[in-house]
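Enquirer: Need the complex rebuilt from these two chains, each delivered in its own frame; the hints are there to steer you.
Chain residues, written in single-letter form:
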Amino acid sequence: MWIIGPIGFTTPLILLALAVLPVLWLLLRAVPPAPIRKRFPGVVLLLGLRDDDNTSDRTPWWLLLLRLLAVAAAIVGFAGPVLNPKPPVDGRGPLLVLIDGGWADARDWAGRMARVDAILEDAARKGRATAVALATDLPADGAPFQSAAEWQTRLPSVQPNPWRPDLIALAEWVEAQEGAFDTFWVADGLFHEGRNAVVQALSDRGELTVFQSATPVFALRGAAFSSGAIEVPVLRNSVENADEVSVVATGLDPSGARRDLARVTAVFESGDAMATARFELPPELRNRISRFSLPIQRSAGSVALTDDSLKRREVALLSGRDEREGLQLLAPLHYLRQALEVSADLIDGDLLDVLLANPDVVVLADVAQMAGGEQAALLDWVDRGGLLVRFAGPRLAASDISRATEDALMPVRLRSGGRTVGGAMSWGAPKTLQAFPEGSPFFGLPVPDEVTVTAQVLAQPGPNLAERTIATLQDGTPLVTRKKIGQGQVILFHVTANAEWSSLPLSGLYVQMLERLAVSTRPPQPTAEDLAGAVFQPQLVLDAFGEAGDAATLAGVAGETLAGAQPGPLSPPGLYASGERRIALNTLGPEDTIETATWPAGTVVEGLAVASETSLKGPALALAALLLMIDILASLLLTGRLRNAMAVVAVLAVTPIETHAQTSDDLAIINAASEVVLAYVLTGDAQVDRVSQAGLLGLSQKLFQRTSVEPVEPVGLDLETADLSLYPFLYWPVTLSQNVPSAEAYARLNRYLRSGGMIMFDTRDADIARFSGNSPEGRHLQELARPLDIPPLEPIPEDHVLTRAFYLLQDFPGRHNSRDVWVEAAPPDAEKVEGMPFRNLNDGVTPVVLGGNDWATAWAVDENGFQMFPVGRGYTGERQREVAYRFGINLIMHVLTGNYKSDQVHVPALLDRLGQ
Amino acid sequence: MSHPAAASLRSDAQALAATLPPLLAEARHLAATVLMGEHGRRRAGQGDEFWQYRPAMPGDPLRRIDWRRSGRSDAHYVREKEWQAAQSVVLWVDNAQSMQFSGDNARPNKSARARLLAMAAAVLLMDGGERVGLAGLALPPRRGSLQLLRLAETLSEDQTSDDYGAAESRALRPNSRALYLSDFLGDIAPLELALAKAADRGVVGALVQVLDPVEEAFPYDGRTIFESMGGGLQHETLKAGDLRGRYLERLAERRDQIATLARAAGWQFETHHTGDPALQALLWIYRALEKVH
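Top line first, the protein sequences correspond to chains A and B.
Going by the UniProt record's numbering, the first sequence opens with residue 1, and the numbers climb by one from there.
Going by the UniProt record's numbering, the second sequence opens with residue 1, and the numbers climb by one from there.
It is worth saying that the hints were derived from the structure and are not from the lab.
Check each hint, because a few of them may be wrong.
As the list claims (entries may be wrong) - A short list of chain B residues far from chain A (calculated; beta carbon distances all over 12 Å):
1. P61
2. I65
3. W67
4. A75
5. A112
6. L139
7. Y164
8. E192
9. F226
10. L261
Unchecked claim - Examples of chain B residues toward chain A, derived with CB under 8 Å:
11. E215
12. L238
13. T260
In this text, a Cβ means the ideal position worked out from N, Cα and C, and glycines have one as well.
Next comes chain B alone, as it looks inside the complex (with noise of 0.2 Å):
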């Protein structure tokens, strides 16, 4: 391992995702699928693994009936396969200078919960099975240990000096599945053109919200002046006190605006605090992929 911070958030990452069972990620289209996963899904279905044989059923078509085992009984036998199936998940996660930011020493920052809910995400999917690669050009969907290498390399590396991230909208594959983790502050309109040819391309995903609990209570008062994290905002405020109520407003807002453009891409939305156990936000992200619709 070349870079020790991606040492470090792997093996974080691996720490949290042990608790849980693999994640599989539902294929919604199982006939589109062409790349077949690794694991079984324990139960009948399509694949190459024999399964069981159950009697047949009025309705079976003549030709799934295995002759062989039939012939050593008086009955006749359906030969099932085990269901097999593997999904390309891409993961995007906001690297921009205001992720970096954190109401308390004692909290991590945004972007370092971001990228553990991610790497912890990207384990569990691998575990499952799945193809797991970063939205963009950089890392597309791969199995194996070294793509998780190679996905917590990228994670760690530096951030980039913009204030806010825009959602990365290239390379989706079709039918795949996306998670997107960032605090959505920035221009809605690179989110908006994301989910837009995301619902074009058949691609299903979830946005999780990652903020401070600062940012949801703004406990400031008195004279202030506020600066985005990389200084390129600044504003001036004489009673602090006095915005908090609008502030909480436009976040109300803001939300609103992201969760229904959520739901009219089929993605899922949630907002997770990290004054919360990462914990939380994984369960959530591990029903949020696995939901069929």
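Excised from the complex, chain A in its bound form (with noise of 0.2 Å):
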């Protein structure tokens, strides 16, 4: 290679043919541009012109000097030229790659594994043996020595982990290796505990160079409520500048689609390593948000998901009507309001008016009998996914509801009166909690001692009481109780929901087992006792980069392990889920700062720019190409052909535009909507399509010469895109080499057949078959309006509207007269009344008309208004043609109409109630 400047050539002997050009100018010099010769007759004018001056025939210098640069270009692109080339470094022995790994590595991770390429690119070149390590995910083997080639193709495979590199596990790993080597190490550039250590074992080893990015990691901390806002804390790790960083919250938009709900911009003042994003939204946004993201950085530690935390469920009370006044204290809903209001949103009202809210629980406080409406609202509420809570108390103790046969809306049946333990009158002691069995829904939490009972309904004992009881009380009693229906399900408090027959809504295990229904909501840091017992599958789990990746094959974790766990490889960051309880595990804890890494002194540290050879040779082998292209068009100015050209490139830049065409559909949707306009289907068939434009145009003018219809010029529709519901007729002709429409063209046409649309299929094929299916067409009809909705068909019977719609006819022929024409059937109760002509067929235009007598060619007309095809011979060949227009004239008559003319059936009547 031969370097000057910032340039170098892998072939520099190849520029010895420069010297060439001089000689070439020469050459090119001499030789003027060849003539065009052209017949012209005009020549004989022209005999005896001289030319003015003789000196235009040389090329222009201009054009020799294109033509030598092209040239020139050309030799140095063969040469070989290389941008930035690289001087051979020195180095021997293996290499270690380190790479750090986390989450915060995945901000800019190409150009990281830009930069590593470089390095074992460089290591292949000598040839030394090569290991590339994630810090976040050690081999447990040792360090992989290979050919750097092998790790090369390796690469793209090498992905970050969305948690933090462990140093202290990984100065123990270093520790583990044998042999010496040298290490570069692309660090995340975060301050992590432990690298002083890291960064002695590896200088122990050989010679250690730290590559780290400049560029400020941005981070989110989990989202909290705080006074009615969300807040979300945003870190950084470079504090100097002042900065302002939006944040983004996610979620599904009610049509179901992701976007963007809300963006709120976090300020932080020089100096501050936090900043806070107050999100302040009405619940029903508040309650579709997702995660909490920051555009400028991709990377799991720029996500923050949502839990439960977020979720305020709405929640409707109802109790019994309160007959006394003012006693709050007794009231029935006073403790679940004191226990609800700070995690909940509360709705009151009439059950129905609250059903309509579709709240997330419904709880009755003593609520015995319903309306029969508000029954069944309510259990179809239930079934729909609703959780009704139900409380006992004096009201329903004394109904007789759930007595002889189960309450649809009770979980077990009652016995009657309920019982009263512990009280004055009674022997019996209040009653204290059985700890709650496995499998409830409660299972975990501790039974404080000083919760009593002293009065409850009882459930009947029956075969399916075990399983729905969820507590119990000491002597075995249930307390809960609960039912599924549908997909919802119904729970009893066997006790009321005020403190007067239990202690239980004085306790904390009241708002406890609230929550653990999932009627409130938890506090924003779940402790391990909350979680206890539990075991959260991930439902989601975030890569690196904070994409949501499947989380299906991930194993469940314990819920004391995930109260309080950091992100690592057993428990990735993400979204757990325990039956109706949600849990975000993010990236960052609750206390977790990022703060710039400090390096021990000494330690060698290099940016990630890396200035890496470019091959010039297409770029100046392009170059020529181009001044080669310039010189024919220069060539062609010359000689005078450029006009030629110049009409080539205008017919080439006068090519049609597809917005061009997206208005001319816009226009003739709304022609066809401002007007009648007929429209057969597209055929794919040059001559069917334009019989077929030809007939309705015909029938189009007869119409308007006729009748009061008007319409413009038909249109041919491609079923494929076309809006069939702006047309009410279509003209569809049977060609064999029509393909069947697609699925979605067939839902169109089907619904265009039910909303009142018709279609006429014409087979065209009546002088050689009768309507039988018996001709390659009829068959290719029957595939293709198999897929469609036609009701049962007949022939047209003597009296069908549509021989009387506008022209009294008994037949319908178009180029053929055949009386096989088929449209749907009569019902089979029309029958003929005693003195009418025709039968009572009510309402309902036939969707569709069946024949072969080939219409369009009758009808057809050339832009002249000529017929185009002769019909018949001579006078009767006429009176067919003009009989097939006013079969024509009928047809769009009913379409338009309906069955207007059949209601003709009651003049006579309308006649003599008007006294006529």
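Expert: What follows is the structure, encoded as structure tokens:
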């Protein structure tokens, strides 16, 4: 390689060819441009004319220069120029490429990999054994030293992990390695515990070079509620400058599409490591948020998932009618209100009004009897996934509900009267609660001793009582029972919602039980105790880039572990669910901060920037080709041939443009919507389409002349794209070559037929086949029409409306005159009334007309209004054409007016009533 | 029809002529015309068919009064006949090689346009009852659809190998009319001769110069060798663009020359470009042959 300045040449000898250029100059200059030969009759007028000057026969200097430049560029290109040629670098022995590979690396992962690739390329050139290791995912059995080329091919599969690198483990890992090696450490630039030990260990083995990017890191902590708004803390590692970062809240909109719901800017003052984004949103919108993210950086750290702690459930509270006013502490709902107000949105009102708001939970405190309509509506709501929580009370105990048979909205049958224990008039002491059994949603909650029950309603023993019981008293009587209804469930507390029958509402257990039932939501940070006993299955996990990954194959995590867990290989950041409860494990915990890494003195730290070798061969040759192309244009210009070339270019430039088609589409739709337009199906056979167009044009003209229907020019429709709803009538000539339309097209056609459109199928073969499906077109028609929603058919009966919609007709000829024209069959109960000329064939336009008389040909006119095709012979033929037109007019009248004519059977009765 | 090209030429011409009312060439000397046309002129004049009775006016010759009609009333009536006239029209269409030129593939060559115009004029004239033939000895003026077929066939025959055509001056009938279609780029002497003879015999008519738009624009640049269509003439230039002005001058000069000749002989002269619709030229021919001098 030969290097001048920033450019090197791989084969510099070729540059010697540049010496030929002056010779080329002289040669090119000596040859004038070739003449064009033109045939031109006017030459006789040119004879004897002389040119004014003879100098322009030489190639102009600028054209020569252009050509020489092109040749020079080609020579330089073939000499293999290289920008930023790499001078060879020293180095020997094995090389360890250590990558942090945490979430913070994801922000410029491509740049890191490019740098690693450059290192590997260099190592491959020198034949160094190389190993690549991620600090977040250390290879268990030592550094995998291989050839660098091998690692280069495996590099794309090296991906960062969505957690922090553990440098303490890394130091141990390095200690465990054998032999000496140099190290390139691609670090994420954040402060991690134990860095000095790693640096020390690596320096012991060989030369250590650190690459670290200067890009600032931003991260989000989990969101939390604070005085009515959601606060999302935003962290950064470089604190010098003031900065603004926007935070986006993403979720599903009502149509189910994922979109940005809100965007808030967090402001960093100079010196701040943390800023807060406050989202003040209505509950409907707030409940939809599934994640917060920082648009400026793509990493797991810049994503904060939301869980139940942000979901405020809508709870409807209803009680039996209050008979006593003012006794607030005795009000059935008082304790519920106190318990839920903090964490849920409460709704009051009538049961039916409340259900309209579609709450998550309905709480009925001591409500016994409901109106039939209310009961049905509530049952329907529960069936669709509602959670109904009922509390017992004097009214329920006194009522007959769920006595003899189990009420649909009660989990169990009740014994009449209930029982009272531990009162002044009874022997027993108040009962305490038994520990919650496994399988109960309350499993794991501690049972405080002070909770006592003095009165309850009792469940009737039954085969499924045991499985429906989720909490019991010490003596085994059910305290809470549950029944699933459809997707929802009914839960009955056998005590009152207030402190009248038990001290449960006074204890913390009451709130915890409501939380477990997902009536209310939990506080932001669940403790291990809260989650004990449940196994949480990951529903969604994040990769290092903050994208949601598949969680299906991951093992569940025990609740105790999950509380306060750090993201790691066993519990990657994501969303974990157990039953109704969902907990988000975010990349950054509530206390985590991020700081810039500090390196021990003496460590070599480089930036990520890499000046790569660029081959200039391609650009140089492209330049040569470009110059030659300019030369072609210039030569054409000089010889006067450019005009033709311009014409070609102009033709190319005027090729139709999509937007133009779009506007003409719109115009067609506007036209079709504002006028009556007859339409036909484009079959792809140009001749058939032309005849259809001409036929409908002829029919349109006749309609215009004879009736008040004034159609405009007919249009051809492509079934795959056209909007059929604008056209009342569709003429469909059946050709063998037509493709069967797609399923969507059939769906549209069926919608068209159901909404009152009419299709006229024309097999155009009535002279060779009677209408029985034996002709090829007939069979193709069967194939085309099979997916269509077509009612039973019959040949046009004599009293069909088509026979008298405008003209009185008994024949329906086109170019052929066959009687076999089929329409929708009359209802079987249609009967002829005495004295009426027609049956009373109530409403409904036939959606299809099938025949083979080739009507379009009979109707067809050319642009001058003359008939295009002969029909029959002589006067009879013209008569047949006239009847064909009349049939067409009847048909369009039938399409447009429905069975208006059929209603004329009522005219005598109407006249009679009018006293005529 | 033996010649397919002739068939298509005839049908094209009939399509073009179908949009105009029948054309009747005005006879210049009514008295001198011996042959009567088929169709009346829808006005009183000389002819065989009864046209109308009109009250006799002072100055009407006594012998023109229709006594039978006058006997039925008190006034005197004159019986008028319908004016009927027929004229012989000869066509000459240049069939030299220069007429084969077309500056653009999308345009018909000059010969095709000239033949179409001639044929269309012939159809119109025939519809008007005139007799139409070709100048020279090949096809004397006749009437009837057979003559139309012959005209079409003769016009569709192959071109001569001459570079430029010479105007036909033989067998011009006295007091007939003529229509000459050519580019008139060749030697002007035969045209002078033909017009002189025509003037001698009382023949008037129209000259239509059919040119391609390229011949009017001369859109050439650079080193060019121009050849005539037959290859007989050549002219080389290094800068075709410089010749444009002088070429156009010469073309205008030639046109002036022809126009002067035509005026002197009482003929009409018009230039038609193949880039323009043929109907324009046909309309002009219609007017020109109708014009009374």
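Enquirer: Decide, hint by hint, whether the structure agrees.
Expert: Hint-by-hint comparison with the structure:
Every Cβ of chain A is farther than 12 Å from the Cβ of P61/B; the closest lies at roughly 50 Å, confirming the non-interface assignment. Every C-beta of chain A lies more than 12 Å from that of I65/B, the closest at about 49 Å, which supports listing it as non-interface. Remark: the non-interface label on W67/B is consistent with the geometry, its nearest Cβ contact in chain A lying 48 Å away (cut-off 12 Å). With a least CB separation of 48 Å from chain A, A75/B remains clear of the 12 Å interface cut-off, as annotated.
Distance check for A112/B against chain A: the nearest CB is about 14 Å away, which clears 12 Å, and the non-interface claim stands. Even its closest Cβ contact with chain A, about 26 Å, leaves L139/B beyond 12 Å, as expected for a residue assigned away from the interface. Y164/B, annotated as away from the interface, has a beta carbon of chain A within 12 Å; the closest lies near 7 Å. At the 12 Å boundary, the C-beta of E192/B stays outside the reach of chain A, the nearest C-beta of that chain being 16 Å off.
With a closest Cβ-Cβ approach of about 4 Å to chain A, F226/B is found to fall inside the 12 Å limit, against its non-interface label. With 12 Å as the threshold on Cβ separation, the claim that L261/B sits away from chain A holds: the shortest Cβ distance comes to roughly 17 Å. Because the closest C-beta pair between E215/B and chain A is about 5 Å apart, less than 8 Å, the hint holds. Nearest Cβ of chain A to the Cβ of L238/B: about 5 Å, under the 8 Å cut. The hint holds.
With a cut of 8 Å, the hint placing T260/B at the interface with chain A is violated, because the nearest CB-to-CB distance is about 17 Å.
Of the hints listed earlier, those the structure fails to meet are numbers 7, 9 and 13, in rising order.
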